[in-house]
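Student: Whenever a hint applies, use it, and build me the whole structure from the sequences.
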Amino acid sequence: MKKVLIIDDERPILEILDLSLTSEGYEVLTAENGEKALEIFEKQRPKLVLTDIKMPGIDGIEVLKRIKKIDDQVEVIVITGHGDMNTAVAALKYGASDFVTKPLRDEVLMVSIERAWKKIAMSEQLQDYTQNLEHKTEQYKRALQKAQEEMIKAERLASIGETVASLAHCIKNISTGLGGGMYMVHTGMAKEKPTMIEEGWSMFQRNLERVSDLVLDLLRYARQTEPQRTPCILND
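Just so we're aligned: 122 in my numbering is position 119 of the sequence shown, and the numbers increase by one with no gaps anywhere.
Errors might be hidden in some of the hints.
Calculated pairs, EDC-like style, for lysine to aspartate or glutamate (alpha carbon to alpha carbon, straight line, at most 16 Å) [unchecked claim]:
{"id": "1", "residue 1": "K39", "residue 2": "E13"}
{"id": "2", "residue 1": "K105", "residue 2": "D87"}
{"id": "3", "residue 1": "K50", "residue 2": "D75"}
{"id": "4", "residue 1": "K122", "residue 2": "E201"}
{"id": "5", "residue 1": "K121", "residue 2": "E195"}
{"id": "6", "residue 1": "K122", "residue 2": "D74"}
No wet-lab data here; the hints were simulated from the structure.
Tutor: Shown next as structure tokens:
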């Protein structure tokens with residue numbers, strides 16, 4: 004279940020938001036001040052936080068800064084009073100994903116929340132693919148090492164330099180493609196351009212498939228056996 008932390012010093016607003024988001028299927032955590040909110044965040048680690056800006060004690064801007072310092076992948080939506088745009092803009096500079104103004108409207112709030120969850124999902128998918136890529140890269144390194152050992156055993160030392168150079172060139176091209184795809188995804192997320200995100204994601208996946216193909220080719224090559232030699236008797 005998606006977990007959301009809501010922070011506001013006005014109890015009626017907390018109750019309304021709790022009821023609204025719970026009905027949408029969210030697990031809702033609430034806090035009436037910044038200090039309590041940070042305690043809850045440390046224990047529960049929600050991916051999304053909604054915080055009022057003006058609160059006694061630790062205000063919303065300070066809560067935003069501290070949460071981002073703990074985990075910069077958390078999405079924070081700030082709630083501000085009507086006309087308090089300067090503070091809202093300042094919150095965006097400190098890493099807030101969006102802001103909504105009071106009096107809150109359900110449809111506006113839900114659009115902002117859904118947009119934030121899309122960013123969270125995209126970030127988690129990208130992290131999974133990156134970890135998978137690291138695993139495949141390590142697999143590739145082992146396969147390359149084994150292939151080199153087999154080539155040495157088969158007395159093909161002369162071709163090693165050319166083969167490694169070719170592999171290095173191939174890896175460089177794949178790395179460039181992966182980097183380009185990740186850049187397009189990050190840029191698309193930052194600028195909220197779905198087309199750029201899809202194109203970058205497609206580029207990332209194509210190059211990830213190339214890594215997988217390269218690893219399989221190297222593993223197949225490493226399994227090749229050396230030619231069998233048997234003695235023979237020459238004719239007189």
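Student: All hints, please: hold or fail.
Tutor: Evaluation of the provided hints:
The straight-line distance between the Cα atoms of K39 and E13 is roughly 14 Å, inside the 16 Å bound, and the hint therefore holds. In summary, the hint linking K105 to D87 is supported, as the alpha carbons are separated by about 10 Å, within the 16 Å threshold. Only pairs whose Cα atoms come within 16 Å are accepted, and K50 paired with D75 is accepted, the gap being roughly 10 Å. Note on K122 and E201: the hinted pairing holds, with a Cα-Cα distance of about 13 Å set against a maximum of 16 Å.
For the hint pairing K121 with E195, the CA-to-CA distance comes to about 10 Å; that is within 16 Å, so the pair holds. Restraint check for K122 and D74: satisfied, since their Cα atoms lie roughly 15 Å apart, inside the 16 Å limit.
Of the numbered hints listed earlier, not one is contradicted by the structure.
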